[in-house]
Amino acid sequence: MHAFEFIRPKDPAAAVATASKGKTAQQGADVRFIAGGTTLLDLMKLNVETPARLLDISRLPLDKIEATPEGGLKIGATVRNSDLARHPMVQRDYAVLSQALLAGASAQLRNMATTAGNLLQRTRCMYFRDTAMPCNKREPGTGCPAITGSNRTLAILGTSEHCIATNPSDMCVAMAALEATIHVQGPKGSRAIPIGDFHLRPGSTPDRETVLEPGDLITHVTLSPPVEGSKQVYLKLRDRASYEFALASAAIVITIAGDKVTRARIALGGVGSKPWRSPEAEAVLDGQPATQANFRKAAEAALRDAKPRSENAFKIELAKRCLAHALQMAATV
Amino acid sequence: MRDDSPSSPSFQTRRAFLQTTGGTAAAAAIAAYAPAHGVDEQGISPSEGSGGSNIEGAVPITLRINGKDRRLRVDPRTTLLDCIRETVVLTGTKKGCDHGQCGACTVHVNGRRVNSCLTLALMHDGEEITTIEGLGTPDALHPMQAAFVACDGYQCGYCTSGQIMSAVALLKEPCGPDDAAVKELMSGNICRCGAYPNIVAAIQQVRQKA
Numbered sequence: 014m015h016a017f018e019f020i021r022p023k024d025p026a027a028a029v030a031t032a033s034k035g036k037t038a039q040q041g042a043d044v045r046f047i048a049g050g051t052t053l054l055d056l057m058k059l060n061v062e063t064p065a066r067l068l069d070i071s072r073l074p075l076d077k078i079e080a081t082p083e084g085g086l087k088i089g090a091t092v093r094n095s096d097l098a099r100h101p102m103v104q105r106d107y108a109v110l111s112q113a114l115l116a117g118a119s120a121q122l123r124n125m126a127t128t129a130g131n132l133l134q135r136t137r138c139m140y141f142r143d144t145a146m147p148c149n150k151r152e153p154g155t156g157c158p159a160i161t162g163s164n165r166t167l168a169i170l171g172t173s174e175h176c177i178a179t180n181p182s183d184m185c186v187a188m189a190a191l192e193a194t195i196h197v198q199g200p201k202g203s204r205a206i207p208i209g210d211f212h213l214r215p216g217s218t219p220d221r222e223t224v225l226e227p228g229d230l231i232t233h234v235t236l237s238p239p240v241e242g243s244k245q246v247y248l249k250l251r252d253r254a255s256y257e258f259a260l261a262s263a264a265i266v267i268t269i270a271g272d273k274v275t276r277a278r279i280a281l282g283g284v285g286s287k288p289w290r291s292p293e294a295e296a297v298l299d300g301q302p303a304t305q306a307n308f309r310k311a312a313e314a315a316l317r318d319a320k321p322r323s324e325n326a327f328k329i330e331l332a333k334r335c336l337a338h339a340l341q342m343a344a345t346v
Numbered sequence: 002m003r004d005d006s007p008s009s010p011s012f013q014t015r016r017a018f019l020q021t022t023g024g025t026a027a028a029a030a031i032a033a034y035a036p037a038h039g040v041d042e043q044g045i046s047p048s049e050g051s052g053g054s055n056i057e058g059a060v061p062i063t064l065r066i067n068g069k070d071r072r073l074r075v076d077p078r079t080t081l082l083d084c085i086r087e088t089v090v091l092t093g094t095k096k097g098c099d100h101g102q103c104g105a106c107t108v109h110v111n112g113r114r115v116n117s118c119l120t121l122a123l124m125h126d127g128e129e130i131t132t133i134e135g136l137g138t139p140d141a142l143h144p145m146q147a148a149f150v151a152c153d154g155y156q157c158g159y160c161t162s163g164q165i166m167s168a169v170a171l172l173k174e175p176c177g178p179d180d181a182a183v184k185e186l187m188s189g190n191i192c193r194c195g196a197y198p199n200i201v202a203a204i205q206q207v208r209q210k211a
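Each protein sequence line maps, in turn, to chains A and B.
With the working numbering as the guide, the letters of the first sequence map in order to residues 14 to 346.
With the working numbering as the guide, the letters of the second sequence map in order to residues 2 to 211.
None of these hints come from the bench; they were simulated from the model.
If you're wondering where the values come from, they're calculated on a predicted model, not measured in any experiment.
Note that the Cβ used here is the ideal one computed from N, Cα and C, for glycine as well.
Output of the computed footprint for chain B on chain A, the stretches with three or more beta carbons under 8 angstroms from beta carbons of chain B: (1) 39–52; (2) 115–121.
BS3-like, lysine-lysine: derived pairs with alpha carbons at most 30 angstroms apart: (3) B:173 with B:184; (4) A:87 with A:201; (5) B:173 with A:87; (6) B:184 with B:96; (7) A:310 with A:273; (8) A:87 with A:34; (9) A:23 with B:69; (10) A:36 with A:201; (11) A:77 with B:173; (12) A:244 with B:184; (13) A:34 with A:77; (14) B:96 with A:58.
Using C-beta positions, here's what the derived DEER-type ranges look like: (15) B:182 with A:84: 29 to 39 angstroms; (16) A:318 with B:181: 36 to 46 angstroms; (17) A:254 with B:65: 31 to 41 angstroms; (18) A:302 with B:156: 50 to 60 angstroms.
The shape of chain B in the complex, shown without the other chains:
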C-alpha cells in the first residue's frame, strides 16, 4: 500500500490535492464573513491530532495504530473509522455503507477483525489497531496483498483493503479447507464488482502456502 500520509514527499496524492484546492476555496468563502483567526481554526490541512481539537467536548485518547502510539482528541461521536481516516489521516481504510453492511471499513482491534464504522474511537483507548497501512509496504507486500495482486482479486479496488484485512484475520480463525468455508467467513465483505472468485483464490493460495 502506498504512503498516503501528508508527510509523504514522493508525490501529491489525490486526497491532498482535493484538500488543498477544496480547502482554499472554502477558506476564501469563509474569509468574507469571518475574522482571520476563524479561518485558521477551520484548518485546511488535517494533521495528526487535529480532528477533534477544536470541538467542544473532545476527549483525549491514545490508540496504538500500526505499532505507533497516537495521542488524539476526538468528539465522543467519532467512529473508529472516521478517526482513522479523518483524524489520523490513514485513508486506506474505506467508508462504504457506514452501517456495518459492507465490510469496506474492516480493521483489526487487538488482532480481531471488526467493522470500524460501528464502534466509537474512544471505546478503544489504549487498544491495538491494525489498518491496511500496517500490513505491508509497497516494497514488501504482506503475502495476502501479494496474492490479491497475483490473483487479480479486485476491480475498482474500493472494497479491497477491507477484503484483505478480513482475509488476513481469517488465517487465524477456525475455517474449513474448502472454498465454501472461505466464502462463508468472507461474507461480511461485499464486492460490487464481483471479484469474489479471485478473492477466494487469493486467500486459498496464501492458506496453501502457509
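Chain A on its own, in the form it takes in the complex:
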C-alpha cells in the first residue's frame, strides 16, 4: 500500500475544504474520504487506489437516521449498513431497502460499510482490480479486455465499447426504486442529486462514475414519504446463497388497487453499468392488471436493449425471470 497522510477534519466544511484541493473525486483521486473503508482499503491494497491523503470522516456527526418533517427519512452518510437495515422505520416503510442491505456482503462488512460508501462502491470487474491488466476505468485509454475476455458477471445494460463493468451495489438498486435523493456539500455549497442522475454510464469516460466534483462530500440521503399501500420486494439471484454479488437482482415498489397496478417503481441490479431503473418496465405495468403475463411483458421491456457479451448472455433470461418473479412476490405480499 502506498504511503498516505491521514487527516481527521474537525467538521464537514473542513473536510470539503481539504478535499477540494485534490485532483479529482473520481478514479485516480489523490484525496479520498474514508469511513468504513471496506471498498477503499481493499483497492488500496491492490494499488488500484493510491490516494496521497485520506480524510477520516467516520467521526463527523453524519451518522444519524431521522424522520423528515414531510414524513420521509434522512439517512446520514456514515450510517452503517447494518444499522440502516435494522432501523424500525426502514423495516416498516422502506422494506425493499432493508432487504437489499441484508442481501449484501456479510454481517461483519455491513457493520463497517456506510451509506455514502455504498453509493460509491466500485465494480468487482477482475480487470479493474488487477493492475497488471489494461482497463479503461482504471487507466483511461488502455482498453477493455473484459469485452472479449472473462465477462460472465459483467453488465448487459448501459455498457459501452469502452467498459462493461457492473455496478455491484444492492443498496443503490433499492434506492433507485425508492427514488432517493443524494445530498452533497461541496466547495460551492450544497446541492441535492436524484439517484438516477448520480451514477454515470461509462460512455467514453468509464473512469468517471458519478457526477461528484473535487471536494464534494455526501452528507446524507433522503427518502420521500412512503407511498400508502405500496408493496416492496428485493430479490437477488447469485452463484451462492449468501455473501456474493448479484448476477441479477430486482427492487420493486408497487401499488395495486383492485387488480390494477396504479404505480410501479422498478430497478435492476447485477446487470447494469449503474443501478438500473427501468422506466420501460414501469410503463408496461402502469394502469394494467397485475398478472403474471403482464409481469413477463414488463421484464421483456426492461431487457429489450440488453447487449450480451461472450459469457453473459444467460443474464438476459435470468434478469427477466428475476424481475417477473419479484413482481409476483410483491403482488402477493
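Could you slot chain B onto chain A? The hints should help.
For chain B alone, coordinates are given in the frame of chain A:
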C-alpha cells in the same frame, strides 16, 4: 485459547521459535552489511509497541484490547489486523484473504464484529477491541469456545477464531431460531475444511442454553 504472548513462561510457541531462528538468520545476514546498531533496529523479537516505532511517520494511538489499554505507534497504513498480530502480538486473530472475503480476521470493535483486515488501526484510536484471546481462558472457556470443542466445529482450525468471534457477536444480533438464519448470518466466515454443520450445531447449542 492458549497464551501466545512472548512473556508466557509455560512453553516455547511455534511463533516464538520461528521468530528466534528466522530472526537470528536474518540478523546474521544483515550483520555482514550493516553496523551493529542497524542490526539492533531490525528488532528480532517484536514486543508491545515496537511494531511501528522505527517507521517514519508512525503515529501514536491507544487501543483498549481485551480490557487493557495498549499505547502503540503504528504506520498509518497498518490495518487493525496487522496491528493486533504484529504490533500487539496477539496471534489468535488470523489473516486469511486480507480482503474481507473470508472472515478469519473477525474481531469485535465496540462490541460489533468487523473484518479487521479492512480497517486501519489508527481509525480505532480510543476504541474497545475484543479478540479471541479476550473471550475465555484455557481453564474457563467462553461457552461458545466450549461448544465448538464439544461439537467438533473445526478441522484445521485456521478459521476457528474468526468463526467464534462471529458466533459470539451473532448471539446479540437479530437472528431467527432456525439453522438457515444462523447460516445466513455466518456466511461471512469461510471454512475450507467444510466444518459448517458442526459450527452451526455449536452455535445452536449455545443459543438453546441461553
